[in-house]
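All chains, please: the whole structure from these sequences, using the hints.
If you're matching them up, the sequences are chains A and B in order. Each number in the numbering used here comes from the position in the first sequence (counting from 1) with 20 added on. Each number in the numbering used here comes from the position in the second sequence (counting from 1) with 20 added on.
What the hints contain is simulated information worked out from the structure, not anything from laboratory work. Note that the structure is predicted; figures quoted are calculated from it, not measured. Treat the hints loosely; a few may be bogus.
Repeated chains share a single entry, so a pair holds when one copy, or any two copies, can fit it.
Unchecked claim - SDA-like mimics (lysine to any residue), calculated; alpha carbons at most 20 Å apart, straight line:
| no. | residue 1 | residue 2 |
| --- | --- | --- |
| 1 | LYS206 | LEU237 |
| 2 | LYS206 | THR232 |
| 3 | LYS169 | GLN202 |
| 4 | LYS169 | ALA132 |
2 protein chains.
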Amino acid sequence: MLFFTQCFGAVLDLIHLRFQHYKAKRVFSAAGQLVCVVNPTHSLKYAPTRCAAAQASTEPGILPPCPHHEAVHDPQLVPCMCPLFSCPWEGHLEVVVSHLRQTHRISILQGAEIVFLATDMHLPAPTDWIIMHSCLGHQFLLVLRKQEKYEGHPQFFATMMLIGTPTQANNFTYRLELNRNQRRLKWEATPRSILECVDSVISDGDCLVLNTSLAQLFSDNGSLAIGIAITTSKVHSSEAEI
Amino acid sequence: MLFFTQCFGAVLDLIHLRFQHYKAKRVFSAAGQLVCVVNPTHSLKYAPTRCAAAQASTEPGILPPCPHHEAVHDPQLVPCMCPLFSCPWEGHLEVVVSHLRQTHRISILQGAEIVFLATDMHLPAPTDWIIMHSCLGHQFLLVLRKQEKYEGHPQFFATMMLIGTPTQANNFTYRLELNRNQRRLKWEATPRSILECVDSVISDGDCLVLNTSLAQLFSDNGSLAIGIAITTSKVHSSEAEI
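The structure is reproduced here in structure tokens:
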């Protein structure tokens with residue numbers, strides 16, 4: 021009996037996910053756009069020392085504090101950027117993708133334009149939704165984070181990081197788009213390199229920021245669909261003149 | 021001597037405004053786009069009773085509380101929507117524009133696309149920047165407000181209201197665009213009618229919301245340039261399918 025109940029529950033979940041997928045696809049409508057349902061992970065408390073370590077490791081003569089590894093002074097050495105865990109891993113840029121896939125089971129999607137469908141937006145902060153995006157010969161990490169910068173007032177922060185160097189990151193522009201209920205919000209920027217710290221990008225607020233009421237306006241049944249597009253950078257025409 | 025010092029100050033101010041105007045024009049680049057420098061007004065404390073009065077006046081049988089006028093039950097009667105003053109004026113939609121121009125000296129600009137250049141963004145909350153925009157045969161009110169929803173954390177809220185009925189408002193879409201330093205933020209929505217209360221639109225967060233760090237990223241020398249465009253509404257293609 022228990023077995024049948026569980027089976028029935030699983031089927032219901034599948035139908036629910038399929039329905040969300042279908043709705044997101046219609047909202048974003050672009051033919052062939054890949055919709056990826058991303059489930060949340062309730063974060064452990066963030067470890068600020070990771071950022072400090074990453075930043076310190078780029079300063080000559082200062083060894084990064086690291087309880088698990090021999091301190092190696094190498095500006096290309098990246099602490100694990102997956103904000104879900106206080107992961108002690110450190111490694112070179114070339115192996116970050118395989119670490120994120122294998123250790124943290126973060127999915128990787130192909131395509132210049134995808135739809136990121138974050139479920140269960142009501143979960144309490146801190147919560148993260150993460151996916152990797154393979155496009156134009158590079159891999160990007162999309163992080164959506166629910167966090168309380170001001171106690172009792174959770175906000176959503178979304179940003180895209182290139183798993184590459186800052187110089188490589190400058191060659192791209194990413195766009196995040198929310199579109200629902202006759203409202204549309206678009207954020208376009210140059211991705212940051214994963215060598216910078218996602219925590220500091222979010223604390224600087226240099227990303228798409230939504231307060232709870234805006235997030236609710238764009239959510240549908242507890243899920244938030246974010247259209248993502250990555251292009252090679254062209255200097256914004258309006259700024260090129262300056 | 022004092023006279024010459026004042027003259028010199030005035031000339032410097034003019035040069036500064038001209039320079040800001042010129043920069044904003046280059047940022048937004050669209051040929052012929054009108055740039056309007058909007059100075060802030062430090063708001064008096066908002067009078068929440070104005071909203072309550074406006075809302076109550078639309079409920080049958082409930083007379084709006086109004087200390088200055090005879091209570092008249094007329095859903096088209098608008099309390100003064102200029103948030104700068106606790107203005108006791110009430111009047112019909114047709115005379116709101118002339119009241120705002122004559123009593124509050126709010127400028128009115130023509131054109132489908134304009135640039136709203138709000139100066140002195142550093143001023144403490146509550147502060148408002150307001151302009152009227154005449155376009156497509158109607159008048160719109162753009163309100164940019166700096167307000168502390170959470171004590172000690174000022175945010176910027178920008179919205180556009182039609183000086184007309186909700187039915188008329190549904191025929192339009194407005195777009196607010198910030199563009200600076202390889203970042204771009206766009207908000208598109210249907211304007212609200214001025215018969216609804218600007219205070220409640222802002223408290224609902226159903227508008228463009230910027231926290232201080234984002235506003236600083238988009239500001240140039242203490243001024244924020246917002247590109248404004250109004251079009252007649254077409255149902256967003258992506259939603260039309262639903």
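Results for each hint:
1. In this homomeric assembly, LYS206 and LEU237 come within 20 Å of each other (Cα to Cα) both inside a single copy, at 14 Å, and across copies, at 16 Å.
2. Proximity of LYS206 and THR232 under a CA criterion of 20 Å is satisfied in both settings, with 17 Å inside one chain copy and 18 Å between copies.
3. Within a single copy, LYS169 and GLN202 get their C-alpha atoms no closer than 29 Å, and across copies no closer than 25 Å, so neither meets the 20 Å cut-off.
4. For the homomeric pair LYS169 and ALA132, neither the shortest alpha-carbon distance inside one copy (32 Å) nor that between copies (38 Å) is at most 20 Å.
Checked against the numbered hints given earlier, the structure breaks hints 3, 4 and satisfies all the rest.
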